[in-house]
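Visitor: Residue numbers for the sequence shown follow the UniProt record's numbering, beginning at 1 and rising by one.
Because the hints were derived from the structure by calculation, they are not lab data. Owing to the predicted nature of the structure, the values given are computational and were not obtained by experimental measurement. Warning: the hint list may mix true and false statements.
Unchecked claim - Here are the simulated lysine to aspartate or glutamate pairs, EDC-like style, with alpha carbons at most 16 Å apart:
1) K484 - D399
2) K410 - E443
3) K236 - D259
4) K57 - E72
5) K484 - D430
6) K155 - D489
7) K503 - E429
8) K38 - D165
9) K379 - D316
10) K179 - D152
11) K22 - D35
12) K219 - D399
13) K19 - E70
14) K400 - D433
15) K22 - E70
16) K382 - D417
17) K341 - D316
18) K236 - E283
19) K199 - E61
20) K503 - E443
21) K155 - D143
22) K179 - D193
23) K20 - E61
24) K400 - E429
25) K389 - E308
26) K280 - D316
27) K379 - D285
28) K22 - E72
29) K280 - E308
30) K280 - E248
31) K379 - D284
32) K389 - E448
33) K19 - E72
34) K38 - E61
35) K379 - D417
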Amino acid sequence: MKLELGTVRTVLAEHHLLKKIKSSTTTVNSGITYDSRKVRPGDMFFCKGNFEPAYLKAAREAGATTYVAEREYPEGTGMTAIIVTNVTRAMAVLSATYYEFPQNDLFIIGITGTKGKTSSAYFAHAILNQQYPQQVALFSTIDRIVGPRPEDQFKSDLTTPESMDLFHDMRQAVDNGMKYLVMEVSSQAYLRDRVYGLKYDCGIFLNITPDHIGRNEHKDFEDYLHCKLQLMVNSKRCIIDADTNRFEDVYGAAKATTDPKQIYLFSADPANGGVDYTIKNAEDDLINNRFTIAATSSTKPALAITGEYDLNVAGDYNQSNATAAIIAAALAGADRDAALKPLSEIVIPGRMEYLAIPGHGVVFVDYAHNYASLRALLKFVKHQYHDGKAIVVVGSPGDKGISRRAGFGKALSEQADVAYLTTDDPGFEDPQDIIAQIMAHIEPGTVEVHQVLDRREAIRQAIVESGPHDIVVLAGKGEDPYQKVRGVDTPWPTDMGVAQEVKRGIS
């Protein structure tokens with residue numbers, strides 16, 4: 001693979017991104033990168049993100065022959081300079097070109113929502129993999145699968161990768177025989193142009209509540225919503241949970257570019273009319289999660305998905321996540337039979353994992369990391385264990401998601417009896433300051449609060465102090481094996497690993 005200067009000029013001009021090219025040669029670049037530590041001779045280097053001129057100097061010294069930036073830099077003297085109006089968008093379109101447009105060889109399902117993206121992605125991947133064995137790629141918050149072999153699966157750093165990494169992984173997937181891709185699409189993916197220019201065969205919109213608002217993220221809720229809506233605008237077919245907040249905005253965005261006959265609405269609310277599919281909860285506890293999908297549209301033919309399903313993941317809210325996945329898989333050609341077995345057996349790492357501890361009730365580990373997901377989780381487990389207290393161990397990440405802190409305080413006030421506020425990826429912030437911000441949004445007198453900075457100790461105390469009918473919810477990290485502290489990923493045994501340690505100590 002290579003990029004010729006003439007091709008670069010044409011692609012950037014087509015997207016109205018090119019300002020000028022300064023070059024004395026007809027440059028051919030054999031590689032592309034945005035990391036100066038990974039430069040190889042002949043590479044094109046992108047000056048993006050937290051760029052510093054010293055990185056360009058290092059890239060030039062390592063053999064990069066071209067740089068792409070929004071202005072010229074003296075550190076790039078002697079290199080071909082490609083000056084653009086928007087470097088992240090330029091990186092997206094040039095990465096797609098360099099990797100020979102792998103998206104054209106994939107049926108792509110994109111999933112967005114404040115909560116439920118990962119669960120829905122796992123559900124859709126499982127169904128499609130049953131229908132089309134070893135032909136389905138997955139890009140999720142937890143991991144990325146680009147082929148059928150164990151070495152083709154690896155942990156994710158971002159919900160949606162940088163555009164260059166995204167197209168690289170798509171190319172790997174296509175070369176490995178993948179024909180379908182299920183991917184989570186975060187609001188940051190649109191804010192940072194990680195999916196600029198990408199079109200989806202099917203886009204799913206699950207829900208929207210305030211999240212990712214604050215420093216280095218969205219300036220306000222409207223900006224967050226706008227970025228989420230871009231998935232609808234860029235999808236050939238749209239699937240929308242009609243129970244979402246701001247439904248009219250979501251539906252309007254879908255209709256802006258999609259034929260209404262290709263927009264599929266579903267709802268778990270019997271009072272919500274005008275949808276194509278309804279969900280009826282047949283049974284919902286920690287052992288059984290059974291629901292029925294019925295077709296209710298009078299305007300479009302029903303997909304072959306109606307009937308009863310068993311889901312091996314607890315939570316009534318997961319019935320909606322599964323329904324979205326079932327509809328999407330059907331649009332990709334999967335039949336109902338392909339969904340039955342995988343949904344009844346599926347396990348999603350870090351989602352609704354639980355551990356019974358004799359004399360101390362049940363511990364739940366879940367990635368719930370914002371107001372909506374934590375509230376839904378606590379509401380469900382309290383319904384199952386209504387005789388005991390709801391004890392929650394939670395923190396909030398540093399350097400991002402500032403609005404989550406208020407959300408956690410609100411969710412704890414509404415649903416928790418006891419809260420242990422602790423550390424969760426503090427980054428470069430003081431975890432005590434983060435805890436204070438959560439505390440500021442807890443209604444006085446509603447929750448018994450303990451502040452324990454050491455997460456392992458907070459988990460230990462919460463479990464040891466719990467009674468036989470209590471529930472202990474370890475929220476926010478899921479199966480994350482690291483604590484991010486001052487730029488260093490410090491190994492962490494996972495919340496479930498710590499809970500198991502405590503159980504062994506009690507036994």
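Visitor: Would you mind marking each hint as holding or not holding in the structure?
Guide: Okay, the hints, checked on the actual structure:
Restraint check: the Cα-Cα separation between K484 and D399 comes to about 11 Å, which is no more than 16 Å; the hinted pair holds. Restraint check for K410 and E443: satisfied, since their Cα atoms lie roughly 8 Å apart, inside the 16 Å limit. About 8 Å separates the Cα atoms of K236 and D259, which keeps this hinted pair within 16 Å; it holds. For the hint linking K57 to E72, the alpha-carbon distance of about 13 Å falls within 16 Å, and the restraint holds.
About 12 Å separates the Cα atoms of K484 and D430, which keeps this hinted pair within 16 Å; it holds. Proximity of K155 to D489 is assessed by CA-CA distance (about 14 Å); at most 16 Å being required, the pair is judged to hold. Simply put, K503 and E429 have alpha-carbon atoms about 32 Å apart, too far for the 16 Å limit, and the pair is violated. Taking the CA atoms of K38 and D165, the gap is near 13 Å; set against the 16 Å cutoff, the hint holds.
Between the alpha carbons of K379 and D316 the distance comes to roughly 10 Å, so the proposed pair stays at or under 16 Å and holds. For the hint linking K179 to D152, the alpha-carbon distance of about 15 Å falls within 16 Å, and the restraint holds. Taken as a hint, the K22 and D35 pair is broken in the structure, with Cα atoms around 22 Å apart against an allowance of 16 Å. With a C-alpha separation of about 14 Å, the suggested pair K219 and D399 falls inside the 16 Å cut-off, and the hint holds.
Between K19 and E70 the CA atoms are separated by roughly 9 Å; this keeps the pair inside 16 Å, and the hint holds. Straight-line distance between C-alpha atoms of K400 and D433 comes to about 14 Å, which keeps the hinted pair within the 16 Å bound. Distance hint between K22 and E70 is fulfilled; the C-alpha atoms sit about 13 Å from each other, no more than 16 Å. Taking the CA atoms of K382 and D417, the gap is about 10 Å. The hint holds against a cut of 16 Å.
Proximity of K341 to D316 is assessed by CA-CA distance (about 19 Å); at most 16 Å being required, the pair is judged violated. A C-alpha spacing of about 34 Å is found between K236 and E283, which places the hinted pair above 16 Å, so the restraint is violated. Under the criterion of a C-alpha separation no larger than 16 Å, the hint pairing K199 with E61 is inconsistent with the structure, at around 37 Å. With a C-alpha separation of about 32 Å, the suggested pair K503 and E443 falls outside the 16 Å cut-off, and the hint is violated.
Between K155 and D143 the CA atoms are separated by roughly 4 Å; this keeps the pair inside 16 Å, and the hint holds. A hinted pair counts as satisfied when its Cα atoms are at most 16 Å apart, and K179 with D193 does not qualify at roughly 24 Å. Proposed proximity of K20 and E61 is contradicted: the alpha carbons are some 24 Å apart, above 16 Å. For the suggested pair K400 and E429, the alpha carbons sit about 10 Å apart, so the restraint of at most 16 Å is met.
Our distance criterion of 16 Å between C-alpha atoms is broken by K389 and E308, whose separation comes to about 33 Å. Proximity of K280 to D316 is assessed by CA-CA distance (about 10 Å); at most 16 Å being required, the pair is judged to hold. A hinted pair counts as satisfied when its Cα atoms are at most 16 Å apart, and K379 with D285 qualifies at roughly 12 Å. Under the criterion of a C-alpha separation no larger than 16 Å, the hint pairing K22 with E72 is consistent with the structure, at around 9 Å.
Between the alpha carbons of K280 and E308 the distance comes to roughly 9 Å, so the proposed pair stays at or under 16 Å and holds. Taking the CA atoms of K280 and E248, the gap is about 23 Å. The hint is violated against a cut of 16 Å. Of the pairs offered as hints, the one joining K379 and D284 holds, with about 13 Å between alpha carbons and a cut-off of 16 Å not exceeded. With a C-alpha separation of about 11 Å, the suggested pairing of K389 with E448 holds against the 16 Å cut-off.
With a CA separation close to 11 Å, the supplied pair K19 and E72 stays within the 16 Å bound. Of the supplied pair hints, the one linking K38 and E61 holds, its CA atoms being roughly 12 Å apart against a limit of 16 Å. For the hint linking K379 to D417, the alpha-carbon distance of about 12 Å falls within 16 Å, and the restraint holds.
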